[in-house]
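In order, the protein sequence lines correspond to chains A and B.
Numbering-wise (our numbering), the first sequence opens with residue 126 and increments by one.
Numbering-wise (our numbering), the second sequence opens with residue 126 and increments by one.
Since the hints were derived computationally from the structure, they do not count as laboratory data.
Be a bit skeptical, because a hint or two may be false.
If chains are identical, the list can't say which one is meant, so a pair holds when it fits in one copy or spans any two.
Unchecked claim - Straight-line Cα separation of at most 16 Å, EDC-like style, residue types lysine to aspartate or glutamate; simulated pairs: (1) K137 x D165; (2) K249 x D159; (3) K225 x D159; (4) K249 x E138; (5) K269 x E158.
Every value quoted in this text rests on a predicted model; they were computed, and no experiment measured them.
Protein chains: 2
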Amino acid sequence: MLHAINYYMILKEIVRKTRSYRRFYQEKQISTEDLAQLVDLARLSASGTNRQALKFMIINEEEKCETVFPSTAWAGYIKEWDGPAEGERPSAYIVILGDKEISNSFGVDHGIAAQSIMLGASEKGFGGCMIASLKKEKLRDDLKLPGRYEILLVLALGYPREKVVIDRVENNDIKYWRDDNDIHHVPKRDLDELIL
Amino acid sequence: MLHAINYYMILKEIVRKTRSYRRFYQEKQISTEDLAQLVDLARLSASGTNRQALKFMIINEEEKCETVFPSTAWAGYIKEWDGPAEGERPSAYIVILGDKEISNSFGVDHGIAAQSIMLGASEKGFGGCMIASLKKEKLRDDLKLPGRYEILLVLALGYPREKVVIDRVENNDIKYWRDDNDIHHVPKRDLDELIL
Chain A
126 MLHAINYYMI LKEIVRKTRS YRRFYQEKQI STEDLAQLVD LARLSASGTN
176 RQALKFMIIN EEEKCETVFP STAWAGYIKE WDGPAEGERP SAYIVILGDK
226 EISNSFGVDH GIAAQSIMLG ASEKGFGGCM IASLKKEKLR DDLKLPGRYE
276 ILLVLALGYP REKVVIDRVE NNDIKYWRDD NDIHHVPKRD LDELIL
Chain B
126 MLHAINYYMI LKEIVRKTRS YRRFYQEKQI STEDLAQLVD LARLSASGTN
176 RQALKFMIIN EEEKCETVFP STAWAGYIKE WDGPAEGERP SAYIVILGDK
226 EISNSFGVDH GIAAQSIMLG ASEKGFGGCM IASLKKEKLR DDLKLPGRYE
276 ILLVLALGYP REKVVIDRVE NNDIKYWRDD NDIHHVPKRD LDELIL
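For reference, chain A alone in the conformation it holds in the complex:
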């Protein structure tokens, strides 16, 4: 007999494996259909006052990806690394925009949306990184984006080409780092420290 599935544990596993990935198999494409399905998760998520003022730009053509990449900043803590090299760059992006014809403030709607999308990406075998550090004016120009849309967040996506592990924070040092085997370590604070 099958036991009842503990969905909380499944969700926890999904959350745990949804790490930030920064190196990808660039040659492996992600389909527009898959990306639209990820946006659908954002669509079904909570939105402040149910305004649903976010818009999403799906980018998965090679040339278009090359346009977006130079506007993104990567892994601030790894000083000797300028971001993924040609060949290991994202093969898709979802640009999250705020539609100012609907609202002038977007609260944390893009955080909610981004988390739904990244969890879904992980379940589709993709990985990626939420990027807030952006050259927004350059990106706006390069994407020929009308002034109506505010650039809020870029989700870089691809098939992960690196291993990421969670460590415990030691000596209050939360900087992620790479070891000699090229494994990316992310120190996370203990639960006790987060609950007042």
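Following the hints, complete the assembly by docking chain B onto the known chain A.
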């Protein structure tokens, strides 16, 4: 033979059923252990520059819940309703705080955290509502919260006592409403409208 489980579909189902609930079986308590497990989902989620500057206050004692409730605003679109009546109020809250000793800006970290928590809550049989419309100074006083912590978001939680359904947006009207059978309707925009 068992077919491979499509985890994306499971996740979509989790996202779909994670609606905003505003009426609860107030007498049904939520344990501190359950609430801490929800915070653990936030702990494992992405955080800007991995700073992990969020802190979480778990509130599930009856008296403490009574302290929080008057600082929360409910369902702005339903004008004739002042929020859940005594007996159908949340039986727990998670107050999401920004720790200013760690960072002065929290980006959308609380949106990411809130979504992880609400998805987990739904998998535990709870439901709730992310509340950004708060009397923050009153809440700070009532919770005796040191100035170090910025109040970012309150998650109201309980066992849902209402039915919530998703409708399609018609005539660009995104206001949620209640029908004669007391069912709460949430119009969501079509996917086509969200993708540029």
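Verification of the hints:
1. K137 x D165: Cα proximity of K137 and D165: across copies only (9 Å, versus 21 Å in one copy).
2. K249 x D159: Within one copy only: 8 Å inside a chain, 28 Å across chains, cut-off 16 Å.
3. K225 x D159: neither (27 Å within a copy, 39 Å between copies)
4. K249 x E138: both (14 Å within a copy, 15 Å between copies)
5. K269 x E158: So K269 and E158 fail the 16 Å test inside a copy (23 Å) and across (50 Å) alike.
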